[in-house]
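A.B. asks: Here is what each chain is made of, one letter per residue.
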Amino acid sequence: MWLSLPGFGTLIVLSILVLAAYTFSTAIRATNGQVRLLNSARLGAYATAALILCGVLMLAYGFVTHDFRIRYISRYSDRSMSPSYLFAALWGGQDGSLLWWTLLLGGYTAAVVKWLGHRYRQLQPIIIATLMAIIAFFAILMIFAANPFEQNLAGAPPDGEGLNPLLQNYWMIIHPPMLYMGFVGCAIPFAFSIAALITGRLDNEWIIAVRKWMLIAFLFLSIGNVLGMIWAYEELGWGGFWAWDPVENAACLPWFTAAAYVHSTMIQERRNMMKIWNVFLICTTFFLTIFGTFLTRSGVIASVHSFAKSDIGIYFIYFMGLILATSLGLIVWRIPKLKAKTEVESIASREAMFVINNWALLGMATFVSIATIFPKISEWLFDQEITVGPPFYNKWAAPLGLIIFALMGLAPLFGWKKTSKKALRTAFTFPLICTLIVTILQAIFGEYLGVPSIVPTESVESGFGAEVYAKVSSLFPGLTVSLASFNLSVVLQEFYRGVKARRSSTKKKGEQEDYFTALIRLIGKSRRRYGGYIVHLGIASMYLGFVGTAWSVTEEIALNPGESREVAGYQLSYQGTRMCPGNPRCSPEEQATKGRRMLFADLEITKDGKSLGRLSPAKFIYMSPPQTTSEVGLLRGLNADLYTVLATADPKTKRATFSIHINPFVSWIWIGLSVLIIGCFVSLWPEVREKRSTSWIYLRATASGAVGILVTFYFATSLAQPFGSSVERHFEKTCSEPGCELEEGWFDHQSASSADRMPGVVKNPHQRLSGWRS
Amino acid sequence: MASLTATFYGLPGTLLFLAATALSVTIILIWISLERTTDTQNLDIEDALALAAPTAAEEEKRAVLRALKDLEYERSVGKISEEDYREVSSHYRAQAKQLIQAADESLKKKREFAEVRLKKLIHKNQPSPTADDDSSSSEEIK
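Protein chains in written order, with the numbering used here: chain S, 1 to 774; chain Y, 775 to 916.
A hint or two may mislead.
[As the list claims (entries may be wrong)] Short derived list, chain S residues pointing at chain Y, Cβ under 8 angstroms:
1. Tyr-46
2. Leu-57
3. Ala-60
4. Thr-65
5. Arg-270
6. Ser-369
7. Ala-371
8. Pro-375
9. Lys-422
10. Pro-686
[As the list claims (entries may be wrong)] No more than 27 angstroms apart at the CA atoms, straight line, and that leaves these computed lysine-lysine pairs for DSSO-like:
11. Y:Lys-884 to S:Lys-525
12. Y:Lys-893 to S:Lys-337
13. Y:Lys-871 to Y:Lys-884
14. Y:Lys-882 to S:Lys-212
15. S:Lys-212 to Y:Lys-883
16. S:Lys-422 to S:Lys-507
17. S:Lys-507 to Y:Lys-882
18. Y:Lys-882 to S:Lys-337
19. S:Lys-422 to S:Lys-508
20. S:Lys-337 to Y:Lys-835
[What the hints assert, rightly or not] The following residues of chain Y were derived to be distant from chain S, with all beta-carbon distances above 10 angstroms:
21. Gln-872
22. Gln-875
23. Val-890
24. Leu-895
Calculated directly from the structure, the hints in this document are not laboratory data. Glycine included, C-beta positions come from ideal geometry on N, C-alpha and C.
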């Protein structure tokens, strides 16, 4: 049995459990201070990580050799899939994604053990033991409920079922690993906090180490969430990027608490306060990652991500119970040691701003989590499942989000402990003047530019309160722009004041620095502070992208070939349809496509008489599994995106209906992410002076990581548009040739039946806009 | 034969090679780990030094010193008035002083013990020391 791949793989999964248990027990024995046992446990942790890697590589080998004896491989791949999608299939289904999760946790464990070195000797054994316990949980899960190496009982089929076409998207290759990196990364701070609570070493040093690891998790959570938005925007074809789907919500919950923690930890560092709160936030963040995974996997709440649905929910319930009991029990036990000796002295202080910001972030996390599980809560309480939709989320998330946005700008203006009125006046003058100018300019020119300050909102509920709220919420777009300018001016002012102070101090020492050198040295000296400000800039940019939805325009248009229509200043000229492969006007890439047929509807775009190129929204018809998807035609711009979706096409007349969306400022979300990544790297940049001999290793590693992520992001944003410019070069003739003709009836047949044939995939709530899926 | 060649060639071959390497590394690491559990050798100097974890007072002292540094920055960029700076700064300095004294006190016994050990070691390495030499070396240690 062990000579076959399924058998060998299962043996590896079993061995992971055994090795994790061995390392756990050695680490526990090392708590008595025996260095040899600690070293043994450290080696055990490395060995566990290497064994998990071996398991993942074996599964990848099974995928590329199409070893359909393994059930997971036959369910999520087929012989027509390219190697990149075969790798994506590793985490495309339930069982493989658990193994992938375990691999990432093993990688994090090895990294943290290496990083710890001789530091935090007292905490190390418990940190290793906690991480091993989490790995053991996932190993148990795989052994008893979701073995990725499980053999097909009926024998190997000739071909697999193929990966869900929804997941055959460039973003799906990198979005889940990034999100998992964020989720799994939260286990490291959790392990530190458990170690600190058990050993009683609750001073401020461990919290500094934890902040770095939490920042890494925060970075990956941000990347993962935004990549998920890009995927939804480009693949689901409903014109938006965030639909408050339960799984989307689950992914952003730990982001809120992680963001709260990276701020509140500074209060503990500076003022020796909020120890209980910080430990609580770390444990809550980790708990929310497991809770999010539970929501994704258990199928307890209906979601577009239901393809990952299974019966492993009960295991997660036990695990969540264990995390809650352990964390709360330890916190209660250590309360005497965690109690602060100092308190917030003035509301006009940075710590007071951080406390309010923490409550707002936690409030947001609580609101989103309650709204997400509300269908179940209502079922338990009222025996009736009540689902809350995007309007409900938007109604309450908008004011909370604006409070957080305002606090983000306010906090840097205050000093620690207390700030005098004079200092406040100095700090607020420039940002308030900038905000006032932007507010007035938007009020005057906003209507003309298509971004008015006030956007009338219709109340979704009846009653006086709802009417008043609708009036207030109509001010939110203008308020968001004002707050964005406030945040931007605050950050600019902080940089300016820092540079000015640095130049005057170097001048006193007899040196003279130019502004640029002073800026670079200032950032280099206070990386955490200025990295944080850069992150604030990124988030302000994202807020601009979010508020753009308030001014978006959506129109449904029907066109015959040769007809044109103007939508929000864009002239759309419909050229006709073409089926690829087969049509002579298809590009060589399209002609070479296997495993699917593609119907493109080409639109020539002009604006103010200037040609902007050609968009080709399409319908893809997959053979395995039999399914049709909508592919959007997208013209990106800093001001607005032109987003086109092919809704229907008549095979006889070639008349097509399109859903056209003008989405202002969406690109600023992706730009904001790039800025956020840079800011996080500045914050995480290691201290190079501490160890001269190894500093360049760290520098090179960090620089490589930063460049790698940025280049990946750049490639992804530029390569994810396969049907824009490439088509343009090959589309020179009109649709009159035999190969261009549609097969009668195919489209109606495909679009009518594909959704019903999709087992396990829940239709998107925005279906009416663009066909069955979107 | 052809299928065997295909198995060890290209992407599948690379994956198989990497998996085999990972498995070998696992086995070696487990072997060393098991050996370490029964290891009775003395600690190396890095391990021994690492055992001397900083006390809570020392860590609090570091936090206060960091806060002082931050306060200096806030004064330099005008976020805090001169009056507030003096008040908060003197508070932090007093706290730092107390903590440094507390850290010194807690280390006093250990320092004395180390001095005695060093003194003995020097005696051992200098078989015929004079009384003058002895007093000067102990002065140096102090």
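A.B. asks: Give a verdict on every hint.
C.D. replies: Do the hints match the structure? See the list:
{"no.": "1", "hint": "Tyr-46", "result": "holds, 5 angstroms"}
{"no.": "2", "hint": "Leu-57", "result": "holds, 4 angstroms"}
{"no.": "3", "hint": "Ala-60", "result": "holds, 5 angstroms"}
{"no.": "4", "hint": "Thr-65", "result": "holds, 5 angstroms"}
{"no.": "5", "hint": "Arg-270", "result": "holds, 5 angstroms"}
{"no.": "6", "hint": "Ser-369", "result": "violated, 33 angstroms"}
{"no.": "7", "hint": "Ala-371", "result": "violated, 39 angstroms"}
{"no.": "8", "hint": "Pro-375", "result": "violated, 43 angstroms"}
{"no.": "9", "hint": "Lys-422", "result": "holds, 6 angstroms"}
{"no.": "10", "hint": "Pro-686", "result": "violated, 17 angstroms"}
{"no.": "11", "hint": "Y:Lys-884 to S:Lys-525", "result": "violated, 36 angstroms"}
{"no.": "12", "hint": "Y:Lys-893 to S:Lys-337", "result": "violated, 40 angstroms"}
{"no.": "13", "hint": "Y:Lys-871 to Y:Lys-884", "result": "holds, 20 angstroms"}
{"no.": "14", "hint": "Y:Lys-882 to S:Lys-212", "result": "violated, 34 angstroms"}
{"no.": "15", "hint": "S:Lys-212 to Y:Lys-883", "result": "violated, 36 angstroms"}
{"no.": "16", "hint": "S:Lys-422 to S:Lys-507", "result": "holds, 26 angstroms"}
{"no.": "17", "hint": "S:Lys-507 to Y:Lys-882", "result": "violated, 43 angstroms"}
{"no.": "18", "hint": "Y:Lys-882 to S:Lys-337", "result": "holds, 25 angstroms"}
{"no.": "19", "hint": "S:Lys-422 to S:Lys-508", "result": "holds, 25 angstroms"}
{"no.": "20", "hint": "S:Lys-337 to Y:Lys-835", "result": "holds, 17 angstroms"}
{"no.": "21", "hint": "Gln-872", "result": "holds, 13 angstroms"}
{"no.": "22", "hint": "Gln-875", "result": "holds, 18 angstroms"}
{"no.": "23", "hint": "Val-890", "result": "holds, 24 angstroms"}
{"no.": "24", "hint": "Leu-895", "result": "holds, 24 angstroms"}
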